[in-house]
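K.L.:
Knowing the structure of chain A, use the given hints to seat chain B on it.
So the protein sequences, as listed, match chains A and B.
Counting from 1, one number per residue, gives the positions in the first sequence under my numbering.
Counting from 117, one number per residue, gives the positions in the second sequence under my numbering.
Capping the alpha-carbon separation at 16 Å, the derived lysine to aspartate or glutamate pairs in EDC-like fashion look like this:
1. K85(A) x D154(B)
2. K21(A) x E133(B)
3. K85(A) x E153(B)
4. K254(B) x E155(B)
5. K254(B) x D236(B)
6. K254(B) x E192(B)
7. K21(A) x D136(B)
8. K179(B) x D129(B)
9. K181(B) x D248(B)
10. K85(A) x E155(B)
11. K241(B) x E206(B)
12. K182(B) x D248(B)
Here chain B is said to cover these stretches of chain A; the calculated rule only asks that three of the stretch's residues, wherever they fall, bring their Cβ under 8 Å from a Cβ of chain B:
13. 54-60
14. 63-69
15. 90-99
Just so you know, the hints here were simulated from the structure itself, not pulled from any lab data.
Beta carbons are placed, not taken as given, at the ideal position from N, Cα and C, and that holds for glycine.
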Amino acid sequence: MTLRGTCRQIDDVAIVDFSGKITLGEGSATLRQTVRDLVGQGQRKILLNLGDVDYIDSSGIGELVGAYTTVRGASGELKLMQLTKRVRDLIQITRLFTVFDVQSDEAAAINAFAKK
Amino acid sequence: MAASNQRLEVTLDTQLESVDLAENIVTRVAQEAGFGEDELHRLGMAVREGVINAYNYGNCQDKRKKIHLAVEFEPETMVVHIVDEGCGFELSDVEDPLAEENLLRTSGRGIFLMRAFMDDLAVRKGPTGGADLVMFKKLPHADSGNGNSQAR
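Just chain A, same shape as in the assembly:
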């Protein structure tokens, strides 16, 4: 399985629960299209749950960055939550903790949106 995403809504926050791998090809494309669709639907607070994503390559990292800029370009916010250790390590070494707002759990993430 490459990547599967399930969307749900809590108040004005769209949450996407991803599972699988975000890698070059189908996985990266799924992430890209999911976020674009949400933005196209008018969603401006998007939370990506990566708790079941155990593998990501540079293409996947690139798509996360692309998702961030897409949402930001629409005057929205994109946050990440529940990174697995391997994904967390990649975000760490690529300095993307300075870009992404990463939350440990859903409640904290939703509160982080609400504070603005």
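P.N.:
Relative to chain A, chain B alone:
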């Protein structure tokens, strides 16, 4: 596929499926060499990034071209070669993905990740002028201090 006691060579098609295939081949070889789970993951990631590089930038997704993968063992080191049939490049020309102005780029992290996951990385000229990405990983027993260690 040709193999000797010390060298395994595989010719891959320039297609997305070759990325997973190369990663699987190298991690299986590395597992036989005694690498643990974390190191297998790092090796696999590095090979993955190398083949992506060859697929996207070296061979420009041209299906007529091939990607040449080789794994060899020196007494204390596993060496992986990923050779494309492009025009080659210089490591010094690769921009730093950690620089502030590059953080929001959606590409350009492959070489950085290969360096992060392997003990050393070099780019040489391949036999047809493409890039030969050479990655080095110290074998697990090489850290034991046993002067009699030998590569498989």
